[in-house]
Amino acid sequence: MPATAVASRLVLALAARTTLDIDAVDEFVMAVDLAVATCPPGEVRLEARVVESGLEVIVSPVSPERLANRELLLASLVDDVELRGEEVALRAGV
Amino acid sequence: MPESDPVSELAVRAAADDADARGQLLESVRPLVVGMARRLAGRVPAEELEQAGFVGVLVATRRFDPGQGTPFIAYAKGFVVGEMLACVRQAAAPVRVPRSVRDARREVDAAIDRLTAANRRRPTVAEIADASGLDPEQVVEGLHARMLRHTVQVDDVADAVLAVPDAELDTVLQRVTVEGLLDGLDDRSRAVVGLRFGAGLPQREIARRMGISQMQVSRLLRAALERLAERADV
Numbered sequence: 002m003p004a005t006a007v008a009s010r011l012v013l014a015l016a017a018r019t020t021l022d023i024d025a026v027d028e029f030v031m032a033v034d035l036a037v038a039t040c041p042p043g044e045v046r047l048e049a050r051v052v053e054s055g056l057e058v059i060v061s062p063v064s065p066e067r068l069a070n071r072e073l074l075l076a077s078l079v080d081d082v083e084l085r086g087e088e089v090a091l092r093a094g095v
Numbered sequence: 261m262p263e264s265d266p267v268s269e270l271a272v273r274a275a276a277d278d279a280d281a282r283g284q285l286l287e288s289v290r291p292l293v294v295g296m297a298r299r300l301a302g303r304v305p306a307e308e309l310e311q312a313g314f315v316g317v318l319v320a321t322r323r324f325d326p327g328q329g330t331p332f333i334a335y336a337k338g339f340v341v342g343e344m345l346a347c348v349r350q351a352a353a354p355v356r357v358p359r360s361v362r363d364a365r366r367e368v369d370a371a372i373d374r375l376t377a378a379n380r381r382r383p384t385v386a387e388i389a390d391a392s393g394l395d396p397e398q399v400v401e402g403l404h405a406r407m408l409r410h411t412v413q414v415d416d417v418a419d420a421v422l423a424v425p426d427a428e429l430d431t432v433l434q435r436v437t438v439e440g441l442l443d444g445l446d447d448r449s450r451a452v453v454g455l456r457f458g459a460g461l462p463q464r465e466i467a468r469r470m471g472i473s474q475m476q477v478s479r480l481l482r483a484a485l486e487r488l489a490e491r492a493d494v
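Which chain is which? The protein sequence lines are A and B, in order. Numbering of the first sequence is given in my numbering, commencing with residue 2 and proceeding in unit increments. Numbering of the second sequence is given in my numbering, commencing with residue 261 and proceeding in unit increments.
So that you can see chain A by itself, here it is in the shape it has in the complex (with noise of 0.2 Å):
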């Protein structure tokens, strides 16, 4: 199963615990598609949580360099966006 199939359906199950509404959870699952297809092939790490009623997830190893170009539209499809070397934290409803 590629990682962005793994990636959506986890973010799904969490969302069920979240007041985010459908569209967000829908636009959370294409940013984190998003930072995942710039992970390196057969090497993603991904950290869900709960956060208060929202959600978290935190990519890794992510590139940087590509991410930095995909930031527009990251930035448009979650409330936060927060890179840190190799990771990127995704968070909505936070």
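Hints are computed from structural coordinates only; laboratory data are not their basis. Even for Gly, the Cβ is constructed at its ideal location relative to N, Cα and C. No incorrect hints appear here.
Covered by chain A, per the in silico footprint, the following chain B stretches (three or more residues, Cβ under 8 Å):
id	region
1	373-385
2	389-399
3	456-465
4	478-486
Label pairs and their in silico Cβ distance ranges:
id	chain 1	residue 1	chain 2	residue 2	range
5	B	Pro305	A	Pro42	28 to 36 Å
6	A	Glu83	B	Ala377	31 to 39 Å
7	A	Ala69	B	Gly460	17 to 25 Å
8	A	Pro41	B	Arg299	38 to 46 Å
9	B	Asp265	A	Gly43	54 to 62 Å
10	A	Pro42	B	Val361	25 to 33 Å
11	B	Gly460	A	Ser54	19 to 27 Å
12	B	Asp265	A	Val7	52 to 60 Å
13	B	Glu465	A	Val51	24 to 32 Å
14	B	Pro305	A	Val51	38 to 46 Å
15	B	Pro326	A	Val51	51 to 59 Å
16	A	Pro62	B	Pro305	40 to 48 Å
17	B	Ala377	A	Glu53	23 to 31 Å
18	A	Glu72	B	Pro358	31 to 39 Å
Away from chain B, derived, C-beta distances all over 10 Å, residues of chain A:
id	residue
19	Arg46
20	Leu47
21	Glu48
22	Ala49
23	Val52
24	Glu57
25	Ile59
26	Ser61
27	Pro62
28	Pro65
29	Arg92
Add chain B to chain A, keeping to what the hints say.
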């Protein structure tokens, strides 16, 4: 425009939102589209390629400039082939959805419609689970299935592309183009990406403006982002 080129005249009128001209134009180019679809048919049925080809024709009307002297039929060929090849590429990675997942997706869709109408807002995942009666795993699979890339009906795409005023679209596309994000995207993807990321409109507003469903906007957006994600240079 040469008087001997009635198809080009129809294309100009179609671009100006003349529905009759659009219908006549599609009939005029049908032999071209059908012929190309037959040549490319294989993994993708000819009928599906024809639909993609007609989308290409309508996209071409937006770009066509009769002052350049090229007849519309010759100008549109590249757009027709481009849409058909995109269709073939998409079919190269087929998504097989089990019946149980299709059923779950149907229940999830119905629950979302009911809840949106009743509460006048979009539901949460927990609300969808409660309203659908599905177990959590089925809800996740149903929601995931909704997000998969999906063929959008030709009329919806055509209307989506043609419904956005040129001036407005040009403005938002300029903003996004600066970021180098639109390279390699086709016209329909540019329209959705431009309105979402250039103008900052939410999916529901884009859907309202284009006269299509929010889910169709989501699918067009997702397909555009997937193509972007496949690019190594961005």
